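Q: Read off the chains here:
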Amino acid sequence: MTRAGEKRDAGPGRGNDLEIYEEDQLVLSDLINRVLDKGVVISANVMISIADIDLIQLDLRLLISSVNTMIARSDRKRRADLPVRTDSEP
Amino acid sequence: MPTYLYGLILSRNAARIHDGITGIEGGRLRTISCGALAALVSDVERVPSRSSLDHIRAHDAALRAVVAAGVTAVASRFGQLFADDGDTCRDVGQHASRVERLLHDHDGCVEMRVVLAHSGADPEPAPTQATAAESELSPGRAYLEQLRARAALAAERVPRISLAGALGPVVRRERVELLPNDAGIVVSHLVSRDEESAYRAAVAELPALSAAKVVGPLPLYGFSDE
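Chain order of the listed sequences is A and B.
By our numbering, the letter at position 32 of the first sequence is numbered 34, and the numbering carries on one by one without gaps.
By our numbering, the letter at position 157 of the second sequence is numbered 163, and the numbering carries on one by one without gaps.
Keep in mind that the hints were calculated from the coordinates and are not lab data.
These figures come from a predicted structure and were not determined experimentally.
It cannot be assumed that every hint is accurate.
What follows is a set of in silico ranges between Cβ atoms, one per label pair, in the way DEER data are often shown [said to hold, decoys possible]: (1) Arg178(B) - Val43(A): 18 to 28 Å; (2) Ala214(B) - Val29(A): 13 to 23 Å; (3) Val29(A) - Gly171(B): 20 to 30 Å; (4) His101(B) - Arg78(A): 11 to 21 Å; (5) Asp113(B) - Val43(A): 18 to 28 Å; (6) Ser39(B) - Val29(A): 32 to 42 Å; (7) Thr28(B) - Ala82(A): 35 to 45 Å.
Glycine included, every Cβ here is placed at the ideal spot set by N, Cα and C.
Please take these sequences and the hints and turn them into a complete structure.
A: Okay, here's the thing in structure tokens:
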């Protein structure tokens, strides 16, 4: 991964440590977001639970929205599976 | 031995993938033929009791190696294990027509991602964890609900972003998304593999993207649901 226009094998320009940290966190956030939250779902059951992921030196908040997406998806599926209530039912 | 799934490619491209690619826990990446599609898999000796950032990196790195070999791939969501190759193909078959169409339509393409820090609108107070007494939801669930509401507000405030017009015809498709916790914005582009250099040059031309990070070439992540 490089800055726009840089050759892939050239070292990126280095700013101060905070800038480097923030850039690394941004790229890491994108990596985690796309791997956990994107891509085709083939298996009916994702066997590696997100909750089981042990991420070293990573702010857990980076995961919350991915978990959030999974919960929302699960909720939609559960609602779709509920029997439809007719008007005649109390 | 369980089979771990990384992604899917057209079967006709399977021969282009060399033997030296490794995946999670060093497992050798191999392809299994599932009709018109081939699944990118590796064997895992056991279901990992806990996954790690290394596993996530390994999943992505294996797919990027496939892309580097010149093959267009659709990424699978992380964490999909099957009892064996047969089970893998059985489940792949249920999604084959859609994925096959996607790979045919975008054969020769890669996904490029422009990642920008979100300068943010008005600062929002950090969500506080609700107590069970304050909410009928569990505390954890209430916290997630607050984050969801915050993300929805952020999505409304983020200006409509599109780079496709500025980047020109190198961009075949575009998707824009927010990173979790308002960390940044990602603009994903579907680009012909042969035009990656032209794409990077086009991004470099835009002063507004001088601080952006360009990630790629990648398999189809953001465009996998087309």
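Q: Each hint should be assessed against the structure and marked as holding or not.
A: Now the hints, each set against the structure:
1. Arg178(B) - Val43(A): 18 to 28 Å: holds (24 Å)
2. Ala214(B) - Val29(A): 13 to 23 Å: holds (19 Å)
3. Val29(A) - Gly171(B): 20 to 30 Å: holds (26 Å)
4. His101(B) - Arg78(A): 11 to 21 Å: 18 Å Cβ-Cβ, so the 11 to 21 Å window holds.
5. Asp113(B) - Val43(A): 18 to 28 Å: holds (22 Å)
6. Ser39(B) - Val29(A): 32 to 42 Å: About 35 Å separates the Cβ atoms of Ser39(B) and Val29(A), which means 32 to 42 Å holds.
7. Thr28(B) - Ala82(A): 35 to 45 Å: holds (39 Å)
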